[in-house]
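Undergrad: Sequence:
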Amino acid sequence: MHLPYTDNYAEVVAVAAGSVAATLGAVLWARPLPRRLSNALFALGIAGAASFAFRQELVGLVGHHVLPKPAAWLALATTFTTLALLWSKPRSLGALAAAGQCGLMLLSSWVTGSEGEMMFACLAWYGTLLGAHALRATPGGAVAARLPRLSYPVQDTVVFLVSVGLAAFVTAKGYDFLIYNGDEVAYTFQANVYAHLRASAPIPPCASMFENYWVFRHQGHAFSQYTPGWPLFMAPFDRMKLVWLAGPVMGGILAVGIARLARRLAAGLGGTYDESERIIAVAGPLGALLSMLGPSLLLNAASRFSHTMVAACFAWAVESAAEVATPRLARRRSLLFGLLLGSATALGLATRPADGGFLGVGIFIYFAQALVRRRIPLGAFLGTCAGFAFFAGLTAIILRLQLGTWFATGYKLAPIIRPEARLILAFPKPSDLKYGVPLATGSYCWWPVAPALAAVGLVRALGGRSRGVSFMLAVGSLCLVAFYSFVEFGRGVDDGLGPRYVMPILVAQGAGTGACLAPLVVRLLDALGSRDLSRLLAWRRFGPALVAFASAAYGVIAIAPRTYPVAAAEYRDSTGPLRAARDHHLKNAILFIHPEDAVQGWWNLNQNPPLDPNPDVLYLARLKPADDVCARKHFPGRKWYRARADGTLRELDASPR
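One point on numbering: in my numbering, the residue at position 110 of the sequence shown is 781, and numbering is uninterrupted.
Derived from the structure by calculation, the hints contain no laboratory data. This one's a predicted model, so the numbers in the text were calculated from it and none came from an experiment. For glycine and all other residues, C-beta sits at the position ideal for the given N, C-alpha and C. Treat the hints with caution; some may be incorrect.
[Stated by the list, open to error] Derived DSS-like pairs (lysine-lysine); straight-line CA-CA distance at most 27 Å:
1) 740 <-> 760
2) 1258 <-> 1295
3) 1258 <-> 1304
4) 844 <-> 740
5) 912 <-> 1295
6) 844 <-> 760
7) 912 <-> 1258
8) 740 <-> 1304
[Said to hold, decoys possible] Label pairs and their calculated CB-CB ranges:
9) 878 <-> 828: 23 to 33 Å
10) 1082 <-> 875: 43 to 53 Å
11) 913 <-> 874: 20 to 30 Å
12) 718 <-> 910: 54 to 64 Å
13) 874 <-> 1100: 56 to 66 Å
14) 762 <-> 1083: 14 to 24 Å
15) 738 <-> 912: 54 to 64 Å
16) 679 <-> 1046: 28 to 38 Å
17) 1283 <-> 718: 18 to 28 Å
18) 1072 <-> 1049: 26 to 36 Å
19) 825 <-> 1256: 17 to 27 Å
20) 878 <-> 1053: 25 to 35 Å
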């Protein structure tokens, strides 16, 4: 496995840095600072920070002693942006820039081994300053007198279908419809159980031969460690023998949620009603498409990991909370979105309890203050309570049936069965911060959305009617990142699908990036649709959009060959025996899994549906001679095979040795 998540870290970091910097430059070009010198200084600061990614090449050209040290390099670049705002107006932005630079310098003096993260932290700070500039530069009268419509059903349908199609393509071509990771195996196991309307599965004969890493046996029952949210969603797909499609469909649901939030962030910031309407119409599909093009989100949506569902629940909970607090909301609509808010919140907790809890902090604060101010209709409140109570109650009942006690989860058994899985919270060391706050890895795993671009949209939206959406997205994302900064598990470990533990913060980044770039696209469309030759040739109107999308396209094309093949190779190398059984169309067979035949843990290849009585192939671990005796006794009449890690298959005799 090449770390982290790529086979050429330096190259993809440089590509992402250049792409982010060029796009920030386009945003500055579209909405410049009041003075030319300020624009030049700010652009110089952006270029200076991004050039840090190319320092090794510069060392080869000019020598090591000529260039400043990393901390001094980034401090100098940030000084240019600070001077740019001190030279400009209002002066309060200059003071903000100076305070932020002091904070970055203090952070860089503490953090070690995270030069890439500090570079992208600087770029994110520049995006925050550009968002603050746009916020201050937008006069109050520029906001449309009435809120443009936010519902675009045809557009959302297209977003859903395109997203599902992209993720399904990766499932087929990247993963070959196979899985190897213990998490995915456990989720699939539990989905099969729920598909048969059971809370747990019986323990099979020759139980040790069926072992899966995250499937526990307790009081005569077998069930996954994980809480029910995600496998409940997967269950209908499992029943239809299309369990591989659950991830892509959830990816489509997430994409529509991001599109709706991007529209909310863009609402009311375009001036007149018509201009605002055009920006909103562009922001939705733009935010969703840019999010789905990022390797990490697309790879996770194509998989059977649960993080995509957590992100989708977060997106729809924020969307629903904003909707139910809308003045003069129709009674039926308030009830429906109240049900959706309660359901999304409960399912987020039921999917990954810690993630759902921390992501919900901002939503809870927003909903509580709206309730106190009597902005939540009675129907919306009752709907929220009903939706939450239903899924929370269903989850509690399932867990009670599994563990025999109330208010406990499979995580309670994990430290006993798998001691290495014990949750340990510890203050991060200076070299550990990059795992909880993956600014560098995130910027190329999530491109063409990035923290720097999201900051522009989120901060600028504070001046519109949807400032509450910015608040919920920002608070939830920060709480999740803070939590995982203290979690020891996962530090220094990568598995090819990007920084998936903090993947839900992509909701804020996708929506913020869509809102940030939508005005540039509207300018481009206006210029292309104009019959006025002078307007058509005005670089100021369409140049920023061309630069932004050229850099986005370059980043996607350059990063993809360094990320997708890494994940695809990981899946292919780890699923050799499974591919052999499928490609040879085995029927009524036993495929023995030997530890030496597994690139990853052998226990992840025992992928037997627990409640399907007679599958074509039984995958059985063979650890000792007694296993052969047990298999012959309980599964007579089947042919026996063994497959190597490379996918080669051979038939065994009736008494394999």
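Undergrad: Can you give the numbers of the hints that this structure goes against, from lowest to highest?
TA: As far as the earlier hints go, 1, 4, 5, 6, 8, 9, 10, 13, 14, 16, 17, 19 and 20 are violated by this structure, in ascending order.
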